[in-house]
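*Asks:* Sequence:
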Amino acid sequence: MCPPLFYGIEYEINPWMSTERQADHKLAGEQWDGLRAALQSAGASIELMTPVKGLPDLVFTANAAMVYRDRAIVARFKHPQRQGETPLDRAWLEHDGLSVDDPPADLSFEGAGDALFCGDTLYAGYRMRSDAGGHQQIGEMLGVRVLPLELADPYYYHLDTCFCPLSQSEAVYFPGAFDEYGQKVLEANVPTLIPVAADEARSFACNAVVVGKTVVTNAGCPQLHKQLKERGYTPIATPLGEFVKAGGSAKCLTLRLDGEEAAAWKQTAD
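Its first residue numbered 26, the sequence shown is counted upward by one per residue in my numbering.
Hints listed in this document are in silico derivations from the structure and should not be mistaken for laboratory results.
By construction, the Cβ of each residue, glycine as well, lies at the ideal position given by its N, Cα and C atoms.
Treat the hints loosely; a few may be bogus.
[Unchecked claim] DSSO-like, lysine-lysine: derived pairs with alpha carbons at most 27 angstroms apart:
| id | residue 1 | residue 2 |
| --- | --- | --- |
| 1 | K78 | K270 |
| 2 | K251 | K270 |
| 3 | K103 | K78 |
| 4 | K270 | K51 |
| 5 | K103 | K251 |
| 6 | K78 | K51 |
[Said to hold, decoys possible] Quick list of simulated restraints, FRET-style, between CB atoms:
| id | residue 1 | residue 2 | range |
| --- | --- | --- | --- |
| 7 | M42 | A157 | 22 to 32 angstroms |
| 8 | Q47 | H104 | 15 to 25 angstroms |
| 9 | S66 | G158 | 36 to 46 angstroms |
Please work from the sequences and hints to get the whole structure.
*Replies:* Quick look at the structure:
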């Protein structure tokens, strides 16, 4: 995680962002602290990155890279406003002991924002921020199966805004974010899909962090929380509205260092 010391809406690169609707800096700090506390209470260990002035979106560490076992595929951001983050992300990940690789040349790739494992399959969002061809090559690099999913709604510009694996066979998703083909791919390959209503999707219900059987989300997702409880999960709501203004929430503010696939296998290991 990266503290939101320099977080703010300084440019507009997705439909959520408006420089006329600024984040409340004090409240953003309190909300970030609340997320960190919720994750720690669920058993997560948090490592911090140093914030840098002029990089307000560095706080959204999910986009820094995709971590798989002891390897990290670092991001190549589509928008120039975020490209200054990559050298800092690379240095941090290398210092943390990970082997860091670049994505395929000349292709955009925005880390765990668009690359999520459910079981042994890597689900890869493309069109808005990441390129489909790059995902297939990353799959070859890692030796994993890749299923590309075209994102159809600009409000759900990263896969982690509309899809959240819970275990090897379960995931939360917002059907309206995908085209018809993408919906069929998910239905055919994820045994249990939990659909999120449109109003809760707009509260970033799918942008959740899974720690074992605990699922941490933004506030305002009561229907999803009810479904999660019925399936044996412990949902935790923590307000993150100041980050929604920039198009992010719980998952966007974190990067799993034990690997994106760990959301599934850690449950069995524990």
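*Asks:* Given the proposed pairing of K78 with K51, does the C-alpha separation stay at or below 27 angstroms?
*Replies:* holds (16 angstroms)
*Asks:* Could you say whether the range 36 to 46 angstroms given as a hint is met by the Cβ separation of S66 and G158?
*Replies:* Because 41 angstroms falls inside the window, the suggested range holds.
*Asks:* Run the distance test for K103 versus K78: straight-line Cα separation, threshold 27 angstroms.
*Replies:* holds (20 angstroms)
*Asks:* Determine whether the Cβ-Cβ distance between Q47 and H104 falls within the hinted range of 15 to 25 angstroms.
*Replies:* Cβ of Q47 to Cβ of H104: about 19 angstroms, so the range 15 to 25 angstroms holds.
*Asks:* Would the hint linking K78 and K270 be met if the CA-CA limit is 27 angstroms?
*Replies:* holds (19 angstroms)
*Asks:* Hint check: K270 vs K51, CA-CA at most 27 angstroms. Holds or violated?
*Replies:* Distance ~14 angstroms between K270 and K51 Cα, so the pair holds.
*Asks:* Would you check the hint for K103 and K251, treating anything up to 27 angstroms between C-alpha atoms as holding?
*Replies:* Violated. K103 to K251 sits at ~37 angstroms, over the 27 angstroms cutoff.
*Asks:* CB of M42 to CB of A157, is that within 22 to 32 angstroms?
*Replies:* For M42 and A157 the Cβ distance comes to about 25 angstroms; the hint holds.
*Asks:* Would you check the hint for K251 and K270, treating anything up to 27 angstroms between C-alpha atoms as holding?
*Replies:* holds (26 angstroms)
Checked against the numbered hints above, the structure violates only hint 5.
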